[in-house]
Amino acid sequence: IKKIQSFSFGNIEKFSAGNLVVRMTNDVNQVQHLIMMILQSLTRIPILFVGAFILALITLPRFWWFVILMVVLIFVSSQVIFKQMGKFFSKIQTLIDKTNTLAKENLQGVRVVKSFNQEKNETNRFTDNSNELTHVNTTVGYLFSTMMPMFMLISYVAIGTAILFVGRDVVKHPNDLVVIASFTSYLMQIFFAIMIGGMMATFASRGFVSLRRIKEILDTTPDLTYAQDAPDRDLNGNISFKNVSFTYPGDTKPALKNVSFDIEAGEMIGIVGATGSGKTTLAQLIPRLYDPTEGVVAVGGVDLKAVNEKSLRAAVSFVLQKAILFSGTIAENLRQGKKDANEKDFQKAVEIAQAAEFVNRYEDNFDHIVEERAATFSGGRKQRL
Numbered sequence: 001i002k003k004i005q006s007f008s009f010g011n012i013e014k015f016s017a018g019n020l021v022v023r024m025t026n027d028v029n030q031v032q033h034l035i036m037m038i039l040q041s042l043t044r045i046p047i048l049f050v051g052a053f054i055l056a057l058i059t060l061p062r063f064w065w066f067v068i069l070m071v072v073l074i075f076v077s078s079q080v081i082f083k084q085m086g087k088f089f090s091k092i093q094t095l096i097d098k099t100n101t102l103a104k105e106n107l108q109g110v111r112v113v114k115s116f117n118q119e120k121n122e123t124n125r126f127t128d129n130s131n132e133l134t135h136v137n138t139t140v141g142y143l144f145s146t147m148m149p150m151f152m153l154i155s156y157v158a159i160g161t162a163i164l165f166v167g168r169d170v171v172k173h174p175n176d177l178v179v180i181a182s183f184t185s186y187l188m189q190i191f192f193a194i195m196i197g198g199m200m201a202t203f204a205s206r207g208f209v210s211l212r213r214i215k216e217i218l219d220t221t222p223d224l225t226y227a228q229d230a231p232d233r234d235l236n237g238n239i240s241f242k243n244v245s246f247t248y249p250g251d252t253k254p255a256l257k258n259v260s261f262d263i264e265a266g267e268m269i270g271i272v273g274a275t276g277s278g279k280t281t282l283a284q285l286i287p288r289l290y291d292p293t294e295g296v297v298a299v300g301g302v303d304l305k306a307v308n309e310k311s312l313r314a315a316v317s318f319v320l321q322k323a324i325l326f327s328g329t330i331a332e333n334l335r336q337g338k339k340d341a342n343e344k345d346f347q348k349a350v351e352i353a354q355a356a357e358f359v360n361r362y363e364d365n366f367d368h369i370v371e372e373r374a375a376t377f378s379g380g381r382k383q384r385l
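The sequence shown begins at 1 in full-length UniProt numbering and counts up by one.
It is worth saying that the hints were derived from the structure and are not from the lab. Some clues are possibly wrong.
Listed next, the in silico DMTMM-like pairs over lysine to aspartate or glutamate satisfying Cα-Cα at most 20 Å (straight line) [said to hold, decoys possible]: (1) K257 / E267; (2) K98 / E122; (3) K104 / D251; (4) K242 / D303; (5) K2 / D303.
None of these values were measured; they are calculated from a predicted model.
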């Protein structure tokens, strides 16, 4: 969460909200299982394998080639299956991302879906994705169910072959029966260690896929950083754009090109233009939700890139086109703007925002519960809060 909070809008859009939720939950859970598995078997399995391998060579040294051949055979076979599983595990996580995104979009956009009579189409989209996810999971299950019998078959064939080879010596040297039995027992221990290791590797392969996805987030450099060593500034309300151009990541056509203007403190300005002309983009550059591709955006005569985050947030406030309230209480949401605010501060704020008329009607006043996605508040009330 701490890393994601440092991302800019551009970084968030690269991953998408649904993708990040899956990485924070499902992928983290898979990595936890991986760590637990490694801690439980990190020493036991290697010691069992190495000890049995050495004792087998010491017991019947002339069959060293046989032991190594069987180990190599099982190892190569397991690697082929693990490589295939790794591809499927990566696809599984991608499909889980898509499933989460589809579910989120349908729940949040249920009014749009119903308004355009798209229930059937959206259901089909979700069903198709779920069927694909089921198919991939089933394929992985088939591979896993094939792996264990294959290991068992190779192990028993190897043991049977070993008995066939060394069994002839029993006729000539009956006293070697104990040695041969010990050799066979060591072989079984070797194959047991390999089978357990194979099972661990199978589950670990999914954990490593999730680990790679989490590492991708942790290794992402925020494309918007603040001047940490910049002093706190008391910025006035003057806003200046100087030859500002902006192009969204992945686009070739700029959303804004060579925009220049000045707004004096106290002026009330409206930005008018056709749909897609860059009005929202321009507004998002002022609180520095994005950085311009070219040019300078200044507040109070200071380039925003030279202002620390605290000073900028104190000077620039804004109401989002799509208002968002967090689940909790009205007071907890109001404290997003001022952590140490008291009830007097709340009352002053809601009066300025013309929200007092409905907030004061609640019996619990500022302790009134805000449900998830503020479902009990209208769009206008959300914006005022």
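Status of the hints after comparison with the structure:
1. K257 / E267: Status violated; Cα separation ~24 Å.
2. K98 / E122: Given pair K98, E122 holds - Cα atoms ~13 Å apart, limit 20 Å.
3. K104 / D251: Violated. K104 to D251 sits at ~26 Å, over the 20 Å cutoff.
4. K242 / D303: Cα-Cα ~10 Å, so holds.
5. K2 / D303: At roughly 27 Å apart (the allowed maximum being 20 Å), D303 and K2 break the hint.
The earlier numbered hints that this structure contradicts are 1, 3, 5.
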